[in-house]
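Sequences and hints are given; from them, build the entire structure.
There are 2 protein chains.
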Amino acid sequence: MADTLTLDGLIAALPADTVVTDPDIIASYRQDRALDPEAGLPMAVVRARSTADVVAAVRWCADNRVPIIPRGAGSGLSGGSGGVVGAITISTERMREISIDPVMRVAVVQPGLLNAEVKSAVKQHGLWYPPDPSSFEICSIGGNAATNAGGLCCVKYGVTTDYVLGMQVVLADGRAIRLGGPRLKDSAGLSLTKLFVGSEGTLGIITELTLRLLPPQPPASTVVASFASVHHATEAVLAITDQIRPAMLEFMDAVAINAVEDHLKMGLDRTAGAMLVAQSDAPGAAAADEIAIITAAFEANGASEVFSTDDVAEGEAFTVARRMAIPAVEKLGSLLLEDVGVPLPSLPALVDGIAAIAERRDVMISVIAHAGDGNTHPLIVFDPTDTEQAARADLAFGEVMDLAIGLGGTITGEHGVGRLKKAWLPDQVGADVMDVSRRIKDALDPDHLLNPGTMF
Amino acid sequence: MADTLTLDGLIAALPADTVVTDPDIIASYRQDRALDPEAGLPMAVVRARSTADVVAAVRWCADNRVPIIPRGAGSGLSGGSGGVVGAITISTERMREISIDPVMRVAVVQPGLLNAEVKSAVKQHGLWYPPDPSSFEICSIGGNAATNAGGLCCVKYGVTTDYVLGMQVVLADGRAIRLGGPRLKDSAGLSLTKLFVGSEGTLGIITELTLRLLPPQPPASTVVASFASVHHATEAVLAITDQIRPAMLEFMDAVAINAVEDHLKMGLDRTAGAMLVAQSDAPGAAAADEIAIITAAFEANGASEVFSTDDVAEGEAFTVARRMAIPAVEKLGSLLLEDVGVPLPSLPALVDGIAAIAERRDVMISVIAHAGDGNTHPLIVFDPTDTEQAARADLAFGEVMDLAIGLGGTITGEHGVGRLKKAWLPDQVGADVMDVSRRIKDALDPDHLLNPGTMF
Numbered sequence: 001m002a003d004t005l006t007l008d009g010l011i012a013a014l015p016a017d018t019v020v021t022d023p024d025i026i027a028s029y030r031q032d033r034a035l036d037p038e039a040g041l042p043m044a045v046v047r048a049r050s051t052a053d054v055v056a057a058v059r060w061c062a063d064n065r066v067p068i069i070p071r072g073a074g075s076g077l078s079g080g081s082g083g084v085v086g087a088i089t090i091s092t093e094r095m096r097e098i099s100i101d102p103v104m105r106v107a108v109v110q111p112g113l114l115n116a117e118v119k120s121a122v123k124q125h126g127l128w129y130p131p132d133p134s135s136f137e138i139c140s141i142g143g144n145a146a147t148n149a150g151g152l153c154c155v156k157y158g159v160t161t162d163y164v165l166g167m168q169v170v171l172a173d174g175r176a177i178r179l180g181g182p183r184l185k186d187s188a189g190l191s192l193t194k195l196f197v198g199s200e201g202t203l204g205i206i207t208e209l210t211l212r213l214l215p216p217q218p219p220a221s222t223v224v225a226s227f228a229s230v231h232h233a234t235e236a237v238l239a240i241t242d243q244i245r246p247a248m249l250e251f252m253d254a255v256a257i258n259a260v261e262d263h264l265k266m267g268l269d270r271t272a273g274a275m276l277v278a279q280s281d282a283p284g285a286a287a288a289d290e291i292a293i294i295t296a297a298f299e300a301n302g303a304s305e306v307f308s309t310d311d312v313a314e315g316e317a318f319t320v321a322r323r324m325a326i327p328a329v330e331k332l333g334s335l336l337l338e339d340v341g342v343p344l345p346s347l348p349a350l351v352d353g354i355a356a357i358a359e360r361r362d363v364m365i366s367v368i369a370h371a372g373d374g375n376t377h378p379l380i381v382f383d384p385t386d387t388e389q390a391a392r393a394d395l396a397f398g399e400v401m402d403l404a405i406g407l408g409g410t411i412t413g414e415h416g417v418g419r420l421k422k423a424w425l426p427d428q429v430g431a432d433v434m435d436v437s438r439r440i441k442d443a444l445d446p447d448h449l450l451n452p453g454t455m456f
Numbered sequence: 001m002a003d004t005l006t007l008d009g010l011i012a013a014l015p016a017d018t019v020v021t022d023p024d025i026i027a028s029y030r031q032d033r034a035l036d037p038e039a040g041l042p043m044a045v046v047r048a049r050s051t052a053d054v055v056a057a058v059r060w061c062a063d064n065r066v067p068i069i070p071r072g073a074g075s076g077l078s079g080g081s082g083g084v085v086g087a088i089t090i091s092t093e094r095m096r097e098i099s100i101d102p103v104m105r106v107a108v109v110q111p112g113l114l115n116a117e118v119k120s121a122v123k124q125h126g127l128w129y130p131p132d133p134s135s136f137e138i139c140s141i142g143g144n145a146a147t148n149a150g151g152l153c154c155v156k157y158g159v160t161t162d163y164v165l166g167m168q169v170v171l172a173d174g175r176a177i178r179l180g181g182p183r184l185k186d187s188a189g190l191s192l193t194k195l196f197v198g199s200e201g202t203l204g205i206i207t208e209l210t211l212r213l214l215p216p217q218p219p220a221s222t223v224v225a226s227f228a229s230v231h232h233a234t235e236a237v238l239a240i241t242d243q244i245r246p247a248m249l250e251f252m253d254a255v256a257i258n259a260v261e262d263h264l265k266m267g268l269d270r271t272a273g274a275m276l277v278a279q280s281d282a283p284g285a286a287a288a289d290e291i292a293i294i295t296a297a298f299e300a301n302g303a304s305e306v307f308s309t310d311d312v313a314e315g316e317a318f319t320v321a322r323r324m325a326i327p328a329v330e331k332l333g334s335l336l337l338e339d340v341g342v343p344l345p346s347l348p349a350l351v352d353g354i355a356a357i358a359e360r361r362d363v364m365i366s367v368i369a370h371a372g373d374g375n376t377h378p379l380i381v382f383d384p385t386d387t388e389q390a391a392r393a394d395l396a397f398g399e400v401m402d403l404a405i406g407l408g409g410t411i412t413g414e415h416g417v418g419r420l421k422k423a424w425l426p427d428q429v430g431a432d433v434m435d436v437s438r439r440i441k442d443a444l445d446p447d448h449l450l451n452p453g454t455m456f
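Going down the list, the sequences are from chains A and B. The working numbering applies: residue 1 is where the first sequence begins, and numbers increase by one. The working numbering applies: residue 1 is where the second sequence begins, and numbers increase by one.
These are calculated hints, taken from the structure and not from any lab test. Treat the hints with care, as some may be off.
Identical copies look the same in the list; a pair holds intra-copy or inter-copy alike.
[What the hints assert, rightly or not] List time: in silico DMTMM-like cross-link candidates among lysine to aspartate or glutamate, alpha-carbon distance up to 25 Å:
#, residue 1, residue 2
1, 123, 97
2, 156, 242
3, 123, 242
4, 331, 394
5, 441, 173
6, 156, 311
7, 119, 242
8, 123, 310
Rendered as structure tokens:
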């Protein structure tokens, strides 16, 4: 990038009101929800309204060797769309079209729609888009695809990649290409759609998605239970998944329970060591069978209070409580938000190890988890004005990832690597996998213009 | 490859009895089940027993610039493991280990096990590996992963890629790397596992798979119906998938019905224009609700005989009949076996168009289909001794793919591109997607040693 580079060419290549140069507005695009203090102020923000806008912006960046930060709703938790000095942030927030084909049971959506908006739009056609990140009301569908987002129901229904049949994506050289399409089975050529899902904006910018939809989810029955210790709860998790696939199986520890109860005052057991929320959406009478299996597993592992309900609204209240956990714990201090996962039998060891790290580093770590698939969110709480504590929190953040890797797990189950977890990726996957990944990156983005400072 | 190349180095690098040089035995590895007459005789066959054997063989090939044909059970239907003159065929048929972790609900399997053997081994632990190609008794799990194989239950349960959590794969330079692992959610780094599934041996040789298992499938109820015309049957398919996800929804036309009845003599309606076999495995009483929906859809579309049963063995007999269709039709002449798929609403148009091609080219085309996901297998029957008819069959083979592409479909839903469909791949995916695919191929296999003459 030449020192004399101006934005005139970029502004000229795009419709009016597309390139943001106002420093105050640019500042609001500096960080994503990871609130990475090291995020930089981009040179400008392009608020694209169409694939053509993204193409024009990427072409200008490619011609001028300007780095590009793709950005959806900015709700990412690993710093994947945090700003970089001298870069152009390309936001897809204004790309909000959707068309639904109920016969083909697919939705064609632009990336700026929020997950909740997609769910709501397809529901009007009697259909269901399953992936449900806890942040579904504020995260974009484009960001979901870029990070291969998970959620609560994926213990039974899978993650974002399982629902992406095709996409339009703008490559680093500005070409817009179409991958896959509205076909339920397609073995023609390399599985490029699957490669681009979860690539975190390092291989291209997704400008349209073709999503697979399901018939509506049957009404779910819910069971909630309190346990004396986290260990009792994690053992109960294994006892359930050994027998059935629940539609939801969520875990909160004592810190999270109390933080949520402070807000919602719904009568959660403040004395419990942990709480599990499970759902069955098996059709008809089969739900009762699954709820009985779950209840028996809870009781066999010392559950002190077991409450079950077939009332969907009542059950949803507990899901809301679980979703509230991150914002509620956030009130206790600044958060470093983890996303480590392990093979399910190692869940108790992971939870124990996290407690040991918290004690050793003298920081509070609250654990919530999509327990049914071994994906946990340890929330490291610290006082940002206490420099020493903040430094210990940083150490704990890394040690939790080291612990997960040591247990054969992953540093990220659903949030992505972004900038915050980049340093640990080689420890998890090894040098050869990094080499293969880099070769693919070099082949598709030889100048490494797309989302520099993240995965590679 | 130098003219003076001998196999001495390859033989020395591998255990005794691993490198096959006997011309008669090599000849049995010339073709796969596609019976491509243009397949060449490879220079030798390596029957690997371990990842180390595959590594040694690939290293020798890489050092000597010798092309490599990866091969599983040789049951492929698109010529993907057919031989090439001067190449080494590396067969994984002797790599047959399996270990099952019932708590983690995963199986770690070597590629040479047959799909049926994997199913049977996990069943002994009360678990289920869903993907079920019709050829499940003769196709290998490694080949399933290499082609992203489908099957009968994938209308509800997805295809092979949905069950591959990780793998060990030997790259073109002889490095063995591990991708993914026994974690149900993992967003760390590029989705390389998903890229290698379906890459048809062009990016590496899979030497181990980590497979996700499910709790056992509930006993399925079955409904079978005869229809006056294929059109009535395809309309019934749309009426069903508009409401529920059946566990199976299979289609046979009159030719297939009669060919199967010739063999099985089970009382199929020889006068019918088409037959559908549907299953519901919804738990408990919910199955009856789904069977009622299917039955109503059948009757609303003019089904002449509707038979339903909750008896698993009785239902399985109809599944066997459907699986028998390809071998039964094969008795009528030589086959060109198609695998085209379309977005579901275009299924009637596809079936009509195929009939028009059969009439125009004066060849018999029998259509069977995994109708619930729009994936059809038109079987082009011809007399190989009739040169003119064989030439017309070849023309029809291409025209069926052109038709599918024109309907927004795919040239292959589950068999892969192989050598037989290579020429049509650019027509389906376009020049830009071919370019991206080639860049990835070049990055990982710069000398194009792996499976030359297929996808690229």
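Against the structure, the hints:
1. 123 / 97: For residue 123 and residue 97, the Cα distance is within 25 Å only inside one copy (16 Å; across copies 46 Å).
2. 156 / 242: both (13 Å within a copy, 22 Å between copies)
3. 123 / 242: between (32 Å within a copy, 14 Å between copies)
4. 331 / 394: within (19 Å within a copy, 69 Å between copies)
5. 441 / 173: both (13 Å within a copy, 19 Å between copies)
6. 156 / 311: within (20 Å within a copy, 27 Å between copies)
7. 119 / 242: So residue 119 and residue 242 pass the 25 Å test across copies only (18 Å; inside, 30 Å).
8. 123 / 310: Classified as within; 21 Å inside a copy, 33 Å across copies.
When held up to the earlier numbered hints, the structure conflicts with none and fits them all.
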